[in-house]
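Asker: Sequence:
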Amino acid sequence: MADASLKFLIDADHGQFYVQDLEPYDAWLAEHAMDPDLPPAGWTKEAVHIHRIGVEPHSISVGTARDDLVESLVTVHGSEPMAELTAEHIVEADLDAPTGRLALSSPGVHPEDGPGMTVPAGLLRARVSYIPTGAPDVDSDGGPGDHFLYRIDLWPADQARELVILKQGPNPWAG
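Just so we're aligned, residue 1 is where the sequence shown starts under the working numbering, counting upward by one.
Derived from the structure by calculation, the hints contain no laboratory data. It cannot be assumed that every hint is accurate.
[What the hints assert, rightly or not] Derived DEER-like restraints, expressed as beta-carbon distance ranges:
| hint | residue 1 | residue 2 | range |
| --- | --- | --- | --- |
| 1 | L123 | L6 | 15 to 23 Å |
| 2 | R161 | H49 | 15 to 23 Å |
| 3 | V164 | L29 | 22 to 30 Å |
| 4 | N171 | A4 | 29 to 37 Å |
| 5 | D3 | T99 | 19 to 27 Å |
| 6 | H110 | A135 | 21 to 29 Å |
| 7 | D113 | S79 | 30 to 38 Å |
| 8 | Q168 | H110 | 30 to 38 Å |
| 9 | D113 | A4 | 20 to 28 Å |
This structure is a prediction, so every number in the text was calculated from the model and none was measured. Built from N, CA and C at the ideal position, the CB exists for glycine as well.
Please build the complete structure, drawing on both the sequences and the hints.
Answerer: Structure (structure tokens):
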């Protein structure tokens, strides 16, 4: 399988954006929305301060250092790629995508208005890398926070694995 990539800017409203297989995620959410023990978008204390991603079934919420337009690159690989050595923070988690259609959205971008892409249907491993970069070449509010390229590498997985931090970035990190 040849690698497929999608580079995009997204309004990371509330310092986050989502990568979701929307149909099964919405079905799961409808069943669990009233569960008081589930943190919104998977944002546990550890997710906020250590992992920097929130994980729910069929969804990964990527925490961003800015509440602004951010740059992201999603690449689908046939097998596990090499890690990006210039990344400041790298974390991996599973993303179950049974329909093979991912929606990229945020609290400020409705899934139908955001980019989407086709991926191999089934269990994927997702590596989220925070790569220091300059500001994107677009008007933004110029708010506080470091600029990163949020690179998400996806590849088919044959079994579920736990979330793992491959490289821990500095704390505090969103400054």
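Asker: The structure should be examined with respect to each hint, and the outcome stated for every one.
Answerer: Now for the hints, and whether the structure bears them out:
no. : hint                    : verdict
1   : L123 x L6: 15 to 23 Å   : holds, 20 Å
2   : R161 x H49: 15 to 23 Å  : holds, 22 Å
3   : V164 x L29: 22 to 30 Å  : holds, 25 Å
4   : N171 x A4: 29 to 37 Å   : holds, 34 Å
5   : D3 x T99: 19 to 27 Å    : holds, 21 Å
6   : H110 x A135: 21 to 29 Å : holds, 25 Å
7   : D113 x S79: 30 to 38 Å  : holds, 32 Å
8   : Q168 x H110: 30 to 38 Å : holds, 33 Å
9   : D113 x A4: 20 to 28 Å   : holds, 21 Å
The earlier numbered hints are all upheld by this structure, with none contradicted.
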